[in-house]
Amino acid sequence: MSATAPTAFETRPSGRVYAFWQRLRSGDDIAYVLTLTCALTILAITALLVYELYMNSTLAREKFGWSFLARTKWDPVAGEYGALPFIYGTVVTSGLALFIGIPLGVGAAIFLAELAPVKLSNSLTFLIELLAAVPSVIYGLLGIFILVPALVAIEPVIRAALGWTPLFSGPFYGVSMLSAGVVLTVMIVPFIISISREVILAVPTEQREGALALGATRWETTWNVVLPFAKKGIMGSIFLALARSLGETMAVTMVIGNDARIHTSLFAPGYSIASVIANNFSEASDALERGTLIELGLVLFGLTIVINGLARILVLSTTKKGAS
Amino acid sequence: MLSFRRKAVNAVMLSLTGVCAFLAVGTLLFILGYLFFHGGTSLTLDFFTKLPAPVGEAGGGMANALLGSAKLLLLASCIGVPIGFLGGVYLAEFGGSSFSFVVRYVTDLLNGVPSIVIGIFAYILIVLPQKHYSTLAGGLALGVMMIPIAIRSSEDFLKAVPVSLREGAMALGASKAKTIFTVVIPAAKAGLITGIMLNIARVAGETAPLIFTAFGNRYWSPGWEQPTAALPVMIYTYAISPYPDWKQQAWSAGFVLLMLVLMINVFARMILSKRGHAAR
Amino acid sequence: MTRRTFIVNAAVAAALTMGVASAQQVLINAGGATFPYPMYSKWFAEYNKKFPNIAINYASIGSGGGIAQVTAGTVDFGASDGPMSDKQLAEFQAKQKSAILHFPTVLGAAVPAYNIPGVTVALNFTGEALAGIYLGKITKWNDPTIASANPGVKLPANNIVPVHRSGNSGTTYIWTDYLSKVSKEWETKLGRGQSVEWPGGLGGQGNEGVSGSIQQTANSIGYIEIAYAIQNKMTYGKVKNAAGEFVQASLASVTAAAAGIKDMPEDFRVSITDAPGKGVYPISSFTWLLIPSRISDPVKKKAIKDFLAWMLADGQKMTEPLLYAPLPKVVVTKELKAIEKIQ
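Residue numbers (the numbering used here), protein chains in the order written: chain A, 22 to 345; chain B, 136 to 415; chain C, 5 to 347.
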C-alpha cells in the first residue's frame with residue numbers, strides 16, 4: 022500500500038451521506054417506496070375512474086339534474102331520458118334473487134356447518150364454491166336455453182299458485198324479470214353459502230352446548246342461538262351478494278327482455294342499468310345519450326358503494342365482537 | 136319429554152336445510168353435465184383451429200378468440216399482478232396506519248365496481264384518445280379488475296405467514312426488505328401463486344368490459360393495437376343469434392371456457408388444501 | 005436428419021416466412037348495421053380470399069354503432085341503414101374535420117317475421133295493422149284488423165309479443181320511416197328514428213338478437229332483414245303497398261321499389277319506403293357504407309377505395325343468393341364517380 026494513495030476508509034463519503042447510502046443498499050426504503058407506489062396507484066386509478074365518469078356525464082347531469090333518478094321516459098328522438106325504469110329493474114331482479122337466495126343459501130350453510138359430517142361438508146362446500154367461479158356469460162347461455170323454456174313450461178303452475186298477486190299477473194313470454202331474478206339467485210347463492218358457513222362454524226360451541234343442555238332441539242338451537250350470534254356475518258354476506266348482483270351484466274341482459282318500462286308483474290320484461298349500458302353504449306347516437314349512459318353507470322357505481330360500505334360496517338363490527 | 140310438534144319441526148327444518156345444500160350442489164353438477172353433453176360432445180378440432188366463417192354459413196371455429204383471450208389475460212396479468220401483489224405487500228408489511236385503512240377501503244370499492252363501468256372507463260381512457268379498439272384497452276380493463284383481488288389475496292396470504300419466521304430473520308440481522316423478499320414471500324408462495332391463478336380464472340370469463348374495448352375480430356389480431364376476438368364475447372354474440380350452427384358453437388365455447396376456469400380453480404384449491412390453508 | 009439438412013431447412017423456412025411477412029398485411033376495422041351483415045360478411049370473406057393481405061374486420065354492432073364509432077374515429081368506416089341526419093353530419097364534421105360520405109351498397113327489405121304456433125302461411129299485413137301492433141293497440145292475433153286481411157286463416161286468440169330493436173338501429177329507422185308514412189297516429193306519437201319510445205314488447209340486440217327472440221318466443225312478431233328470415237327458415241308476412249297489393253319481399257319487389265327513384269341526390273341519402281308502383285315491396289331500403297372523405301393512412305385509403313370499386317362490380321353479382329337486390333345501374337355509375345371524393 023502506497024503512503025500517498027488514499028485508503029478506502031479515508032475516501033468513504035462523510036457520515037450522513039454514507040448512512041443514507043447504506044440504508045438504500047439494505048433495500049428497506051426501496052421496498053417501502055415501491056410498495057407504497059403500488060398502493061397509491063390503486064387510489065389513483067379509482068380516483069381517475071370516478072373523475073372520468075363524472076366529467077363525461079356532465080351533459081346529462083346538467084340537463085336532467087337529480088330528477089333523472091325519477092323520470093321514466095326513454096326517448097332518443099326527443100332527447101329525453103330517465104333512470105327510473107332501469108333502477109327499478111335492477112332493484113327488483115336483485116331483490117328477487119335475495120328473496121329466493123337467502124333462505125336457500127342460509128339453509129344450505131346451516132346444513133353444511135351444523136349437520137353434515139366434516140368430510141362431506143368440506144367436499145360439498147368445495148363444489149358449491151366452484152359455482153361462484155362459473156362465468157356470467159355461461160349463466161346467460163344456460164338461462165336462455167334452459168331456464169327460460171323451463172319457466173315457460175311451469176308457468177301455469179306458478180300462475181295457479183300465485184296468480185292472484187299483482188306480482189304474477191299479465192302475460193309471460195319467457196324473458197322477464199322473473200327469469201333474470203332466478204338466474205341471479207343461482208349466481209349469488211354460492212357467496213351466501215360460503216361466507217355464512219364460515220360464520221356459523223365460528224360460533225363458539227359453548228353457545229350451542231348451552232342451548233342443548235337446556236333441552237332445545239338441534240333446530241331450535243340453530244334458529245334461536247347460533248343464527249342470532251352469526252347474524253352480522255350473514256348479513257355481511259347478503260350485502261356482498263347484493264352488491265355482486267346489482268352489477269351483473271351479461272346473464273341479466275340475455276334473459277331480462279330489454280323493455281325500458283316499469284311493470285309490477287315479475288312475468289313482464291324489464292331492463293337493468295348494466296344491461297342498458299351494455300346494449301346501448303357502443304351505439305349511442307349522440308353525446309347526450311352517451312352522457313346519459315355514463316350517468317347511469319355513475320348511479321350504479323353509487324349504489325354499489327353504498328351497499329359495499331354497509332357490508333364493511335357489518336363485517337367490521339362482527340370482527341370486533343369476535344364472532345367473525 | 137320433547138313434544139311431538141317440536142320434534143317434527145326439528146326434523147322438517149333440518150331436512151329442508153339438507154335439501155337446500157343438495158339443490159346447490161345439484162345445480163353445479165347439472166351445469167357441468169349439460170355443458171358437457173351439449174357442448175363437449177360436439178367439440179371438433181375445427182373449433183380450435185379455424186377462423187369464424189361468414190355469417191349464415193356452417194363451419195368455422197374460434198381459433199382467433201382463443202388466442203385473443205390468451206393475449207388479453209397475459210396483458211391483464213402483467214398489469215394486475217405486479218401492482219396488486221406489491222400493494223398487498225405494502226398492506227401486509229408496512230400497514231397498520233389509517234392510510235392502510237383507506238387503501239383497503241378503496242380496494243374494496245374498486246372490487247365492487249360493476250365490470251361494465253370498468254369497460255366504460257377503459258373506453259374513455261384508451262379507445263377514444265387512441266381512436267381505435269385494441270387488445271391493449273381490453274387488457275387494461277381486465278387488469279384493473281384483477282388489481283383489487285390481487286391485493287386482498289396477497290395481503291391475506293402474507294399475513295398468514297407466522298410472525299416467528301419474520302422475527303427469526305430479523306434476529307439474524309436481515310433488513311425488513313430482505314426479510315420480506317427472502318423469507319416471507321417464499322413462505323407464502325403457494326398461496327400467492329394460487330391467488331394469481333384464481334384471479335386469472337375469474338377474469339377469464341369477463342365479457343362486459345371487453346365489449347367496448349376489444350371490440351371483436353373475425354380475423355387474427357396482430358400485435359396489441361388491433362381489436363381482438365375473445366372467447367366470452369363470442370359466446371354472447373353467438374348465443375343471442377338465430378343461427379343453429381352459431382348456437383352450437385356457443386355451447387362448445389361455453390364448455391371450453393368452463394372447463395378452463397374450473398380446472399384452474401380445482402387445481403388452485405387442491406394446492407391450498409394440501410398446504411393446510413383454508414380454501415378461499 | 006443431418007445438421008446440414010437442418011440448417012438448409014431452417015433457412016428455407018425463414019426465407020418463406022419473411023417473404024410472407026413482407027406482403028403488407030392490412031387490417032381495416034369497420035362496424036355498423038346488422039341489416040346487411042350477411043351480405044357484408046360474405047363480401048369481406050370473398051375479398052379476403054381474393055386479396056389475402058387485406059382483412060376487413062366488420063363488427064355487426066348496429067347502425068347506431070356504425071355512426072357513433074365512425075364519428076368517434078374508432079373504426080375506419082361505418083355502415084348504416086338509416087342515413088345520417090344533418091345534425092349527425094355536422095357532428096362528424098366538427099369531430100373529424102372532414103365530411104362523411106354515404107355509399108349505397110345493396111337494397112334490402114325489412115320483413116315482419118313471426119312465430120305463431122299453428123300458422124305456417126305468409127300472413128297479409130296492412131300498414132295500419134303493423135302500426136297498431138307496435139303501438140300496443142292490437143293485442144291479439146285474431147284481431148279484426150289482421151283477420152280481415154287474412155280470410156281463411158285460423159288465427160289464435162293469443163297475445164301478440166312485438167319484438168323491437170334495443171339500441172339505435174337502422175332497421176328500426178326503415179321500419180318507423182314506413183310506419184310514419186302509413187299511419188298518422190304513428191307519425192305523431194312516435195315518429196321515425198333509429199330508436200323510439202317503444203310502448204312495450206321485447207328488445208333484441210341486432211337483427212340477430214331480434215331473430216333469436218322471435219324464434220324463442222311464441223306468438224311474437226319482429227322486423228328483420230329478409231336474409232335473416234331466409235337463413236333461419238322463419239315465416240314472414242306480406243305487406244300492403246301503396247298500390248293496394250299485398251306483396252312479399254323478394255328480389256323483384258325490392259328492385260321495383262328502387263326503380264321509381266327519379267333523382268338520386270348527390271349524397272345518396274334517400275328513402276324508398278312505401279314507394280308507389282305495382283309489385284313494389286313497401287319496406288325496402290338502401291343501406292350505406294359511411295366512409296370519411298379524408299383517410300390519412302394511404303394504405304388503408306387505397307384498400308378501401310379498391311374494395312368499393314370491387315363491391316360495385318363483382319360484389320353486386322353476389323347479392324342475389326342472399327336476397328339482397330343489386331343497386332340500379334344509375335346509382336352504380338354515380339357511386340364510381342363519388343369514390344374520387346375520398347382523399
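A couple of the hints might just be wrong.
[To be verified] Some, not all, of what chain C presents toward chain A, calculated at C-beta under 7 Å: (1) ALA72; (2) ALA76; (3) GLY197; (4) LEU206.
[Said to hold, decoys possible] Once the Cα atoms are required to be at most 20 Å apart in a straight line, the calculated SDA-like pairs of lysine to any residue come out as: (5) LYS341(C) - PRO325(C); (6) LYS84(A) - LEU57(A); (7) LYS101(C) - LYS409(B); (8) LYS266(B) - VAL303(C); (9) LYS382(B) - GLN220(C); (10) LYS185(C) - VAL98(A); (11) LYS54(C) - GLN28(C); (12) LYS140(A) - ALA188(B); (13) LYS142(B) - ALA237(A); (14) LYS294(B) - ASN143(A); (15) LYS345(C) - LEU105(C); (16) LYS345(C) - SER297(C); (17) LYS237(C) - TRP359(B); (18) LYS140(A) - LEU178(B); (19) LYS144(C) - ASN143(A); (20) LYS188(C) - SER144(A); (21) LYS54(C) - LEU316(C); (22) LYS142(B) - GLU241(A); (23) LYS309(C) - GLY283(C); (24) LYS53(C) - LYS294(B); (25) LYS141(C) - PRO192(A); (26) LYS304(C) - LEU340(C); (27) LYS409(B) - SER144(A); (28) LYS304(C) - TRP359(B); (29) LYS53(C) - TRP355(B); (30) LYS84(A) - GLU201(C); (31) LYS304(C) - ALA76(C); (32) LYS142(B) - VAL98(A); (33) LYS193(C) - VAL98(A); (34) LYS266(B) - SER300(C); (35) LYS53(C) - ALA188(B); (36) LYS409(B) - ASN143(A); (37) LYS237(C) - ALA126(C).
Hints in this document: simulated from the structure, not taken from any laboratory.
Even for Gly, the Cβ is constructed at its ideal location relative to N, Cα and C.
Okay, the hints, checked on the actual structure:
The criterion of a C-beta within 7 Å of any C-beta in chain A is met by ALA72(C), whose closest approach is roughly 6 Å, and the hint holds. Given hint, ALA76(C) at the interface with chain A, is violated; its Cβ is 9 Å from that chain's nearest Cβ, farther than 7 Å. Hint on GLY197(C) holds. Least Cβ distance to chain A is approximately 4 Å, under the 7 Å limit. A cut of 7 Å between beta carbons decides the hint on LEU206(C): the least distance to chain A is about 5 Å, and the hint holds.
At most 20 Å may separate the alpha-carbon atoms for a hinted pair to count; LYS341(C) and PRO325(C) exceed this at roughly 28 Å. A threshold of 20 Å between alpha carbons decides the hint, and for LYS84(A) with LEU57(A) the separation of about 41 Å lies outside it, so the pair is violated. Our distance criterion of 20 Å between C-alpha atoms is broken by LYS101(C) and LYS409(B), whose separation comes to about 63 Å. Proposed proximity of LYS266(B) and VAL303(C) is supported: the alpha carbons are some 17 Å apart, at most 20 Å.
Taken as a hint, the LYS382(B) and GLN220(C) pair is honoured in the structure, with Cα atoms around 13 Å apart against an allowance of 20 Å. At roughly 17 Å between alpha-carbon atoms, LYS185(C) and VAL98(A) fall within 20 Å of each other, so this suggested pair holds. Distance check on the hinted pair: LYS54(C) and GLN28(C) sit about 15 Å apart at the alpha-carbon level, within 20 Å; holds. Between LYS140(A) and ALA188(B), the direct Cα distance comes to roughly 49 Å. Violation of the 20 Å bound is thereby established for this hinted pair.
Among the hinted pairs, LYS142(B) with ALA237(A) is consistent with the structure: their alpha-carbon atoms are about 10 Å apart, no more than 20 Å. For the given pair, LYS294(B) sits about 24 Å from ASN143(A) by alpha-carbon distance, which is inconsistent with the 20 Å threshold. With a CA separation close to 8 Å, the supplied pair LYS345(C) and LEU105(C) stays within the 20 Å bound. At roughly 6 Å between alpha-carbon atoms, LYS345(C) and SER297(C) fall within 20 Å of each other, so this suggested pair holds.
Annotation: proposed proximity of LYS237(C) to TRP359(B) is violated, straight-line Cα distance about 40 Å (limit 20 Å). For the hint pairing LYS140(A) with LEU178(B), the CA-to-CA distance comes to about 35 Å; that exceeds 20 Å, so the pair is violated. As the CA atoms of LYS144(C) and ASN143(A) are separated by approximately 54 Å, the hinted pair breaks the 20 Å bound. With a C-alpha separation of about 66 Å, the suggested pair LYS188(C) and SER144(A) falls outside the 20 Å cut-off, and the hint is violated.
Between LYS54(C) and LEU316(C) the alpha-carbon distance is near 16 Å, which keeps this suggested pair within the 20 Å criterion. The straight-line distance between the Cα atoms of LYS142(B) and GLU241(A) is roughly 10 Å, inside the 20 Å bound, and the hint therefore holds. Taking the CA atoms of LYS309(C) and GLY283(C), the gap is about 35 Å. The hint is violated against a cut of 20 Å. Among the hinted pairs, LYS53(C) with LYS294(B) is inconsistent with the structure: their alpha-carbon atoms are about 58 Å apart, more than 20 Å.
As the CA atoms of LYS141(C) and PRO192(A) are separated by approximately 16 Å, the hinted pair is consistent with the 20 Å bound. The hinted pair formed by LYS304(C) and LEU340(C) meets the criterion: a straight-line CA distance of about 18 Å does not exceed 20 Å. Proximity of LYS409(B) to SER144(A) is assessed by CA-CA distance (about 14 Å); at most 20 Å being required, the pair is judged to hold. With a C-alpha separation of about 19 Å, the suggested pair LYS304(C) and TRP359(B) falls inside the 20 Å cut-off, and the hint holds.
The suggested pairing of LYS53(C) with TRP355(B) holds, with an alpha-carbon distance near 15 Å, which does not exceed 20 Å. A hinted pair counts as satisfied when its Cα atoms are at most 20 Å apart, and LYS84(A) with GLU201(C) qualifies at roughly 19 Å. Under the criterion of a C-alpha separation no larger than 20 Å, the hint pairing LYS304(C) with ALA76(C) is consistent with the structure, at around 18 Å. Proximity of LYS142(B) to VAL98(A) is assessed by CA-CA distance (about 65 Å); at most 20 Å being required, the pair is judged violated.
Distance restraint check for LYS193(C) and VAL98(A): the Cα-Cα separation of roughly 11 Å lies within the 20 Å cut-off, and the hinted pair is therefore satisfied. Of the supplied pair hints, the one linking LYS266(B) and SER300(C) holds, its CA atoms being roughly 13 Å apart against a limit of 20 Å. The hinted pair formed by LYS53(C) and ALA188(B) meets the criterion: a straight-line CA distance of about 12 Å does not exceed 20 Å. Distance hint between LYS409(B) and ASN143(A) is fulfilled; the C-alpha atoms sit about 13 Å from each other, no more than 20 Å.
At roughly 12 Å between alpha-carbon atoms, LYS237(C) and ALA126(C) fall within 20 Å of each other, so this suggested pair holds.
Of the numbered hints given earlier, the model fails hints 2, 5, 6, 7, 12, 14, 17, 18, 19, 20, 23, 24 and 32; all others are met.
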